[in-house]
Each structure stands twice: as structure tokens, then as C-alpha cells.
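Asks: Sequences and hints are given; from them, build the entire structure.
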Amino acid sequence: MKLRGRKIVGGKAEGELIVSQKPLSFLGGVDPETGIVTDAESDIRGESVAGKVLAFPRGKGSTVGSYVIYALKKNGKAPKAIIVGEAETIVATGAIIAGIPTVDGIDVSKLKTGKRVRVDADDGLVEVEEQGF
1 MKLRGRKIVG GKAEGELIVS QKPLSFLGGV DPETGIVTDA ESDIRGESVA
51 GKVLAFPRGK GSTVGSYVIY ALKKNGKAPK AIIVGEAETI VATGAIIAGI
101 PTVDGIDVSK LKTGKRVRVD ADDGLVEVEE QGF
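Counting from 1, position 69 in the sequence shown corresponds to residue 69 in the working numbering; the numbering is continuous, with no gaps.
Please keep in mind that the hints were generated in silico from the structure rather than gathered at the bench.
Since the model is a prediction, treat every value here as computed from it, not as a measurement.
Each residue gets a CB set at the ideal place from its N, CA and C atoms; glycine is no exception.
Take the hints with a grain of salt, since some may be wrong.
Taking lysine-lysine and the DSS-like style, the derived pairs with C-alpha atoms no more than 25 Å apart in a straight line are [said to hold, decoys possible]:
#: 1; residue 1: K73; residue 2: K115
#: 2; residue 1: K22; residue 2: K73
#: 3; residue 1: K60; residue 2: K110
#: 4; residue 1: K80; residue 2: K110
#: 5; residue 1: K7; residue 2: K74
#: 6; residue 1: K77; residue 2: K60
#: 7; residue 1: K12; residue 2: K80
#: 8; residue 1: K73; residue 2: K7
#: 9; residue 1: K74; residue 2: K110
#: 10; residue 1: K80; residue 2: K7
#: 11; residue 1: K77; residue 2: K112
#: 12; residue 1: K7; residue 2: K115
#: 13; residue 1: K60; residue 2: K73
#: 14; residue 1: K7; residue 2: K112
#: 15; residue 1: K60; residue 2: K80
#: 16; residue 1: K80; residue 2: K2
#: 17; residue 1: K22; residue 2: K2
#: 18; residue 1: K80; residue 2: K112
#: 19; residue 1: K112; residue 2: K2
#: 20; residue 1: K12; residue 2: K115
#: 21; residue 1: K110; residue 2: K12
#: 22; residue 1: K74; residue 2: K2
FRET-style restraints, in silico, Cβ to Cβ [said to hold, decoys possible]:
#: 23; residue 1: E130; residue 2: T63; range: 31 to 41 Å
#: 24; residue 1: K74; residue 2: E130; range: 32 to 42 Å
#: 25; residue 1: T89; residue 2: K22; range: 11 to 21 Å
#: 26; residue 1: E130; residue 2: G28; range: 35 to 45 Å
Replies: Below, the structure is given as C-alpha cells:
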């Protein structure tokens, strides 16, 4: 399955998806030291975003969430790429300063945790593995 969105931060990445169907708060919702989701309202609470392709509908919470995304990158616990329905200011800024390939305008309800995915953020393309690339 191929989905087309909009480039927020260019780059390419491939990996396992971790998908939240709920908005994600980075400040107080993701531990920047471990990459573990701690947001009590999250449907991926207890899961790690480190080294995976993170998909969620939109960010929520404080603008300090942008710094948490940057801290994840500095600590080696960031996602390989971000796929988001709507990259509002918090997520867009965090992805930009961290240099994480990011695509928005994607219907994340079509994505499933555990699937492999390729992200070509330069082209705004997300390709989900059906039976192998």
C-alpha cells in the first residue's frame, strides 16, 4: 500500500511501524531518556518509539514537546521517521530541529503496528509492506 502526503522534513527511513490512533503528547508523554511512551491516555503506553517509524494523528500539549523530540534524537532514542495526520507546530518544529524524516497528511487509521514501512519524506511517500518490498 502506498500513501502520499506532504514533506515536513526530508530524508528516507525504513523500519517497523508503531502506530497510535490517539494524539500524542511528547512533554510528559514520552520519556526522552528511554523512548518509552508514558502518556496515560495513549494506546501505545509502555511501548518504545526508539528505532521505529512512529505514526500518530497529531501532537498535543506544550510547545516544550518539540524539545523532547530533539532530546530523543540526542539520546539515541528517537524514531527513524515520523508519519502524522497533521504536523502541527510542536511536531513539525521538533522533527525539524532533530532532523527526523517526517511526512504529514497521512491517514494513520490505515496503518498497523508491527508492519514494515518505507518513508521517502523527500517525495511525501509512505509505502507499507504487503508481502515484502
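Asks: So, for every hint listed, does it hold in this structure?
Replies: Hints, one by one, checked against the model:
{"no.": "1", "hint": "K73 with K115", "result": "holds, 23 Å"}
{"no.": "2", "hint": "K22 with K73", "result": "holds, 22 Å"}
{"no.": "3", "hint": "K60 with K110", "result": "holds, 21 Å"}
{"no.": "4", "hint": "K80 with K110", "result": "holds, 19 Å"}
{"no.": "5", "hint": "K7 with K74", "result": "holds, 22 Å"}
{"no.": "6", "hint": "K77 with K60", "result": "holds, 20 Å"}
{"no.": "7", "hint": "K12 with K80", "result": "holds, 9 Å"}
{"no.": "8", "hint": "K73 with K7", "result": "holds, 19 Å"}
{"no.": "9", "hint": "K74 with K110", "result": "violated, 30 Å"}
{"no.": "10", "hint": "K80 with K7", "result": "holds, 15 Å"}
{"no.": "11", "hint": "K77 with K112", "result": "holds, 21 Å"}
{"no.": "12", "hint": "K7 with K115", "result": "holds, 21 Å"}
{"no.": "13", "hint": "K60 with K73", "result": "holds, 19 Å"}
{"no.": "14", "hint": "K7 with K112", "result": "holds, 21 Å"}
{"no.": "15", "hint": "K60 with K80", "result": "holds, 20 Å"}
{"no.": "16", "hint": "K80 with K2", "result": "holds, 19 Å"}
{"no.": "17", "hint": "K22 with K2", "result": "holds, 22 Å"}
{"no.": "18", "hint": "K80 with K112", "result": "holds, 16 Å"}
{"no.": "19", "hint": "K112 with K2", "result": "holds, 14 Å"}
{"no.": "20", "hint": "K12 with K115", "result": "holds, 17 Å"}
{"no.": "21", "hint": "K110 with K12", "result": "holds, 20 Å"}
{"no.": "22", "hint": "K74 with K2", "result": "violated, 31 Å"}
{"no.": "23", "hint": "E130 with T63: 31 to 41 Å", "result": "holds, 38 Å"}
{"no.": "24", "hint": "K74 with E130: 32 to 42 Å", "result": "holds, 35 Å"}
{"no.": "25", "hint": "T89 with K22: 11 to 21 Å", "result": "holds, 19 Å"}
{"no.": "26", "hint": "E130 with G28: 35 to 45 Å", "result": "holds, 37 Å"}
In summary, the structure is inconsistent with hints 9 and 22 from the numbered list given earlier, while agreeing with the others.
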